[in-house]
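Participant: Make one complex out of these two single chains by using the hints.
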Amino acid sequence: MTTTEETPPQSPASRDAASWAKPVDRLSAEGVAGAKVDSVSGKRVSGPLQGFGQLWQKTFTVRLTDSSLTPQQLVAAWKDGFPTFWPKNATFYAPLAGIAPGEVALLDIAPVPGSPVKLSTGVMVIYADDESFTFMTPEGHTLSAWITFSAYRDGDVTVAQAQALERPSDPFDELAYVLGGTKLNDRFWRETLVNLARHVGVAEPNVETSVVCVDKRRQWRYVRNLRNSASIRTVRRTLGAPIRKLTGRG
Amino acid sequence: MSATTVAVDRSGAVATVRIGGDVTSASESDLMAGYGQAIEGGAGAVILDFSGLEYMNSGGIGLLVTLLVRAQRGGVRLLASGLSNHYREILSLTRLDEAIEIHNDEGAAVAAVGV
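Top line first, the protein sequences correspond to chains L and W.
Take the first sequence: its position 99, counted from the start at 1, is 99 in my numbering, and no numbers get skipped.
Take the second sequence: its position 73, counted from the start at 1, is 73 in my numbering, and no numbers get skipped.
Because the hints were derived from the structure by calculation, they are not lab data.
Every residue gets a Cβ at the ideal spot worked out from N, C-alpha and C, and that includes glycine.
Mixed in with the good hints there might be a few duds.
Not close to chain L: a few residues of chain W, all C-beta gaps over 12 Å, as computed [to be verified]:
1) ALA3
2) GLY12
3) ALA26
4) LEU31
5) ALA33
6) SER58
7) GLY59
8) GLY60
9) LEU68
10) GLN72
11) ARG95
12) ILE100
DEER-style ranges, computed between Cβ atoms [claimed, not checked]:
13) MET32(W) - ARG221(L): 22 to 28 Å
14) HIS199(L) - MET32(W): 52 to 58 Å
15) ARG221(L) - GLY44(W): 37 to 43 Å
16) GLY44(W) - VAL178(L): 46 to 52 Å
17) ALA33(L) - ALA111(W): 32 to 38 Å
Covered by chain W, per the in silico footprint, the following chain L stretches (three or more residues, Cβ under 8 Å) [claimed, not checked]:
18) 14-20
19) 83-97
Excised from the complex, chain W in its bound form (with noise of 0.2 Å):
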């Protein structure tokens, strides 16, 4: 098991959450935190990196739900880039692609926020 890795970059009304590293009901702080980081300033999208993730189990996959509900209560856009296909196929099955922008890379989900 490696640890869950957050970073956040704000750039104006887009703030990016690099997550990587492995992602389990453990990493609910880390998580959190870095999304309370991007929406401090503000920011009217965040995108969630996921070019790092290492390993999702279902008790990550529950925190990605959380964050979502707080994102639409609180009128954030949400977009998530860099997903394997494997993690894709992921969000696909649990149907939280019907919930979150999907897109390659960081540039297509910055461009798609179009700021």
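For reference, chain L alone in the conformation it holds in the complex (with noise of 0.2 Å):
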């Protein structure tokens, strides 16, 4: 909705400049390795705004009780492994480059835990610092989302927090969403978290969590999003995965 054309006005660079990713109309995973399905390039990111559903906000955190890392060290080990981290249902193609502004990472999820079923998506680096990362989810995932790694000091405690801003992305999304989705995303990052506690030291990881709805309303000019949908993709593979085995296509 930019309507001025203009030349804006020129300051000098600012402090945050390097953590932000440049702008791009499409994506690419040419980075990423390992993955056998890219559902990523050509789509573009999608965050809160473009979404169907309503819009949550939900926060996890662990205090790291056991632990002397500093928030900086805490995050650099947070990017360093952070595939390792994830629950035994997904997988997490990391760049090459690392977690770093303007990267693309691929995932592999499973819809409900023990699924053989695995939805491929991915994510875009759109902010990383010494403090903190953030991933905007692409056209096609579940959700429109942006969701921040990030870690903070309080007291003598470092406390490790994932943040996620998200909306269903299209009607179907919405109702596995209301579902029981909501429930299986929340139990996904109390999961990474306890791993990431576990990691540097803690013994018996403790997660909170806050939901709060920030937007009631679904946004029905987004309902053509279930033209990129991912959900419905891999139910039209799973479904046609025996008859692709029969003909020999599969």
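Facilitator: So, in structure tokens, the structure goes:
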């Protein structure tokens, strides 16, 4: 909705300039190795404003009581080992350049724990500094979201936090979210934080969760997000698998 | 780091919220209080003037989304002015520019509101 065409005011480089990705029209997952399916290249990013369902802010925190790591050290360790902290039913294919502004990662996630079917999607790193990094989802992802991973000091203790601002992307995703997807999603991030905390020496991590509905309205103008749906593509692929096998095309 | 500064000017149906310093998740109470003050008198349009913005991280951008949602819910037209090239790029990257009218300066934003 940019409306003024003249040259915007110039100013010296901001302190945050190196932390932000540059805008891109379409994503490219060229810098990722290992993933079988790339359903991200050619897509645009899609944030909380572009989704269909209700807007939620979810915050997960864990206090690293047995660890002496500073917030900066923790975020460095989190970036380095990010794929290893994910729950077992999901795979994060990290960019070869690491978690840095502008990089794209691919993901395979089981829609429900134990499912042999994997939902293939990805994320773009839109922001990264010493104390935080933020992912934005691409079109087709079940959630139109930003997820920020950060660490801060609370008294003598370092706290790790994952905070998502998310809307289910289309009506199908919204239905799945209401019917239990939101709880699976919460469990996913809680497990991630538990794994991270254990990695840095916390014996009994306790994850606190806060969930706030920021916008109850559904954005019907984004109902057409259905055409990019990774969920629908996955269902189609799964249902078609026996036929492809029979005809030798699978 | 410098503190967030928020100053509000109201002129009839238009209010301007001047945002300066650093905008991070810690700026939430200042920013929301400024917006609340701006719409108190029933302003139909709010201009966020970013001329004094020195630093914004992803937490700060998250606050802008919350603010946008609040404005949409209340039927308030939200405009932005005084953004440097860098911050225009960030609004483009995050696709916030699809939901907020961007003008070079406050005068252009006021003129766009047409009061």
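Participant: Each hint: holds or not?
Facilitator: To see whether the hints hold, each was checked on the structure:
With a least CB separation of 14 Å from chain L, ALA3(W) remains clear of the 12 Å interface cut-off, as annotated. A cut-off of 12 Å between C-beta atoms confirms that GLY12(W) is not in contact with chain L; the least separation is 21 Å. The Cβ of ALA26(W) does not lie farther than 12 Å from every Cβ of chain L; its closest approach is about 10 Å, which violates its non-interface assignment. No Cβ of chain L comes within 12 Å of the Cβ of LEU31(W); the nearest lies about 15 Å off, and the non-interface call holds.
No beta-carbon of chain L comes within 12 Å of the beta-carbon of ALA33(W); the shortest separation is about 18 Å. With a closest Cβ-Cβ approach of about 4 Å to chain L, SER58(W) is found to fall inside the 12 Å limit, against its non-interface label. Non-interface call for GLY59(W) relative to chain L: violated, since the shortest CB-CB distance, roughly 7 Å, does not exceed 12 Å. Not every CB of chain L is more than 12 Å from the CB of GLY60(W) (nearest about 9 Å), against its label as outside the interface.
The Cβ of LEU68(W) does not lie farther than 12 Å from every Cβ of chain L; its closest approach is about 7 Å, which violates its non-interface assignment. Here GLN72(W) does not stay apart from chain L, with its beta-carbon only about 8 Å from theirs, under the 12 Å limit. For ARG95(W), the non-interface assignment is contradicted: its Cβ lies about 5 Å from the closest Cβ of chain L, within the 12 Å cut-off. At roughly 6 Å, the least C-beta separation between ILE100(W) and chain L is not larger than 12 Å, which violates its mark as non-interface.
Between MET32(W) and ARG221(L) the beta carbon distance is about 26 Å. The supplied range of 22 to 28 Å therefore holds. For the pair HIS199(L) and MET32(W), the supplied restraint of 52 to 58 Å is violated, since their beta-carbon distance comes to about 36 Å. The given range of 37 to 43 Å is broken by ARG221(L) and GLY44(W), whose C-beta atoms sit roughly 22 Å from each other. Separated by about 34 Å at the C-beta atoms, GLY44(W) and VAL178(L) break the suggested range of 46 to 52 Å.
Between ALA33(L) and ALA111(W) the beta carbon distance is about 52 Å. The supplied range of 32 to 38 Å is therefore violated. With 6 residues having a beta carbon nearer than 8 Å to a beta carbon of chain W, the stretch 14-20 of chain L meets the requirement of three or more and the stated coverage holds. Only residues whose beta carbon comes within less than 8 Å of a beta carbon in chain W count, and the stretch 83-97 of chain L has 0; fewer than three means the coverage is violated.
When each numbered hint is compared with the structure, violations occur for hints 3, 6, 7, 8, 9, 10, 11, 12, 14, 15, 16, 17, 19.
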